[in-house]
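> Protein sequences appear in the order of chains A and B.
Take the first sequence: its letter number 80 is residue 80 in my numbering, and every next letter is one higher.
Take the second sequence: its letter number 100 is residue 1100 in my numbering, and every next letter is one higher.
Read the hints as simulated data drawn from the structure, not as lab findings.
It is possible that some hints are incorrect.
With the C-beta cut set under 10 Å, the calculated list includes, among others, these residues of chain A facing chain B [as the list claims (entries may be wrong)]:
{"id": "1", "residue": "96"}
{"id": "2", "residue": "172"}
{"id": "3", "residue": "173"}
Listing some non-contacts, in silico: residues in chain B with all C-beta distances to chain A over 12 Å [unchecked claim]:
{"id": "4", "residue": "1003"}
{"id": "5", "residue": "1016"}
{"id": "6", "residue": "1025"}
{"id": "7", "residue": "1028"}
{"id": "8", "residue": "1061"}
{"id": "9", "residue": "1075"}
{"id": "10", "residue": "1090"}
{"id": "11", "residue": "1095"}
{"id": "12", "residue": "1124"}
{"id": "13", "residue": "1129"}
{"id": "14", "residue": "1163"}
{"id": "15", "residue": "1166"}
{"id": "16", "residue": "1192"}
If we take Cβ atoms under 10 Å as the criterion, some of the chain B residues that face chain A in the derived model are [unchecked claim]:
{"id": "17", "residue": "1048"}
{"id": "18", "residue": "1066"}
{"id": "19", "residue": "1070"}
{"id": "20", "residue": "1072"}
{"id": "21", "residue": "1073"}
{"id": "22", "residue": "1079"}
{"id": "23", "residue": "1080"}
{"id": "24", "residue": "1081"}
{"id": "25", "residue": "1086"}
{"id": "26", "residue": "1087"}
{"id": "27", "residue": "1088"}
{"id": "28", "residue": "1091"}
{"id": "29", "residue": "1100"}
{"id": "30", "residue": "1102"}
{"id": "31", "residue": "1103"}
{"id": "32", "residue": "1141"}
For every residue, glycine included, the Cβ atom is placed at its ideal position computed from N, Cα and C.
Listed below are the residues making up each chain.
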Amino acid sequence: MDAVLGQLYAGLSLGSVLLLIALGLTLTFGQMGVINMAHGEFLMAGAYTTYVVQQVVGGAGLSLLIALPLAFLVGGLLGVLLETTLISRLYSRPLDTLLVTWGVALVLQQLARDVFGAPAVEVRTPEWLKGNVDLFGAPFTKGRLFILGLALTAVLVLGVVLRYTALGRRIRAVVQSRGLAETSGIDTRATDRLTFFIGSGLAGIAGVALTLIASTQPYMGQTYIVDAFLVVVAGGVGRVRGAVLMAFGLGVLQATFAYSQSVSTAKVLLLICVIAFLQVRPQGLFSVKSRSLV
Amino acid sequence: MLELRDLRVAYGRTEVVHGVDVVVPRDGIAVVLGHNGAGKTTLLRAAVGMLKPRSGSVLLDGEDVTRLRPHQRVRRGLAYVPQGQQSFPQLTTAENLQLVADGRRDGRERTDEALDLFPALRGLLARRAGLLSGGQRQQLAIARALITGPRVLVLDEPTEGIQPSVVTEIQDAILALARRGGLSVLLVEQHVGFALSAATTYYVMESGRVTGTGDGGSASADAVRSVMAF
Chain A
1 MDAVLGQLYA
11 GLSLGSVLLL
21 IALGLTLTFG
31 QMGVINMAHG
41 EFLMAGAYTT
51 YVVQQVVGGA
61 GLSLLIALPL
71 AFLVGGLLGV
81 LLETTLISRL
91 YSRPLDTLLV
101 TWGVALVLQQ
111 LARDVFGAPA
121 VEVRTPEWLK
131 GNVDLFGAPF
141 TKGRLFILGL
151 ALTAVLVLGV
161 VLRYTALGRR
171 IRAVVQSRGL
181 AETSGIDTRA
191 TDRLTFFIGS
201 GLAGIAGVAL
211 TLIASTQPYM
221 GQTYIVDAFL
231 VVVAGGVGRV
241 RGAVLMAFGL
251 GVLQATFAYS
261 QSVSTAKVLL
271 LICVIAFLQV
281 RPQGLFSVKS
291 RSLV
Chain B
1001 MLELRDLRVA
1011 YGRTEVVHGV
1021 DVVVPRDGIA
1031 VVLGHNGAGK
1041 TTLLRAAVGM
1051 LKPRSGSVLL
1061 DGEDVTRLRP
1071 HQRVRRGLAY
1081 VPQGQQSFPQ
1091 LTTAENLQLV
1101 ADGRRDGRER
1111 TDEALDLFPA
1121 LRGLLARRAG
1131 LLSGGQRQQL
1141 AIARALITGP
1151 RVLVLDEPTE
1161 GIQPSVVTEI
1171 QDAILALARR
1181 GGLSVLLVEQ
1191 HVGFALSAAT
1201 TYYVMESGRV
1211 TGTGDGGSAS
1221 ADAVRSVMAF
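For reference, chain A alone in the conformation it holds in the complex (with noise of 0.2 Å):
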């Protein structure tokens, strides 16, 4: 029972990881449909807000609080920028816009190289984020644990701001009928912008996330942008429900292939999964006629 239960918080763990990255993706991807494969260097560069913000404040746990809203406006503004300059050339060109991000995650990965150097930087875990808590008579890491509610509070805060607030119905709007939303009064480069921002910021706070559990390096963003994309697109392009189901069922059929095989065979049993899944439902868990993010 204890390793069943074991393998089950793993599996969340690593849901909740891809869940943070993924949510960013389903704005972005599922709005505007761009695939940036610099998604993930944004994730780097929310990591290393946190050590900057670690090496000024110099304590640990009020470091990550102070980095998580300024990863989110780091990664937000990073995404912005890119929006600015090099995507909203390139709409309607969408294996231009995938090379176009791929070539500048590299350029971002090298920045951090030069900025930082090549080997990982040391992030401290503060104190109360150190150890394990019991639950249900197997042991959760506190810091798996953070990030487990650090992403359920993004997928409510971004839940609420889509149904219930200005912004969200119009990026709601937008997603079903660009010409539509032009048509009726909205602003939809401008609307565009902001779900970059926000996008690309979730996958700031994503980055300080990590930092808990992974080591801070120029290239932790390629671990996990593949997966998150996965989540995406079997989750259903655009729908935020798509995204928690398939983040928490690849991360939890994960970890159950990884108990009885090696990490390799299980990657590869799982894609082997997405790719049937894929087979049988191209659009994804769910999906409507026209886009839709709840």
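Fit chain B to the known structure of chain A by using the hints.
Structure of chain B alone, referenced to chain A:
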């Protein structure tokens, strides 16, 4: 008042509107009639900014808005109800209306006025627009356009594909709006009889050109049909 001056519109190299002049009089209704493929919808899409004209200009109360994006034209008082009962299907009726009322000081009053014009929508506020009938969606589309506070309302075949009882409601609403004053209407309409009875002026388009024009009151439907070679 809306003026389209010598408007030429092309899809790629193929020009489909060849130098069209249309004037929508202040507080009046200008109707554009013509067969499918005559260029009516293309003309309207250029008027509201969805298509960039190859040449010519669009003037709104004398101001040249040709280079403005569609949402900027809406803010200057040019509202558009496109063909095909278009709404945001995953948003509720209330959200469809709230979307355009957001940020407007008179948003609530305008929403109430629009719902007074189409009272059937009041009972459907919580329903997703995608689940409404074609007629209800069209009423919602017109209500949404009215909330933006237009000086000129551009309607593209508002009664096309809608059940006859709702067609009458929509036609009555258009006439009521025009009579209220302060609103000019540019209307593309297939129902020639209604179009001419409503029109202050009418234009007949064929193959991207205006081939006939006149005052709505002076023209008989039969005469116009003969120009259109129905």
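> Of all the hints numbered above, which does this structure not satisfy? Sort the numbers upward.
Numbers 1, 9, 10, 11, 13, 18, in rising order.
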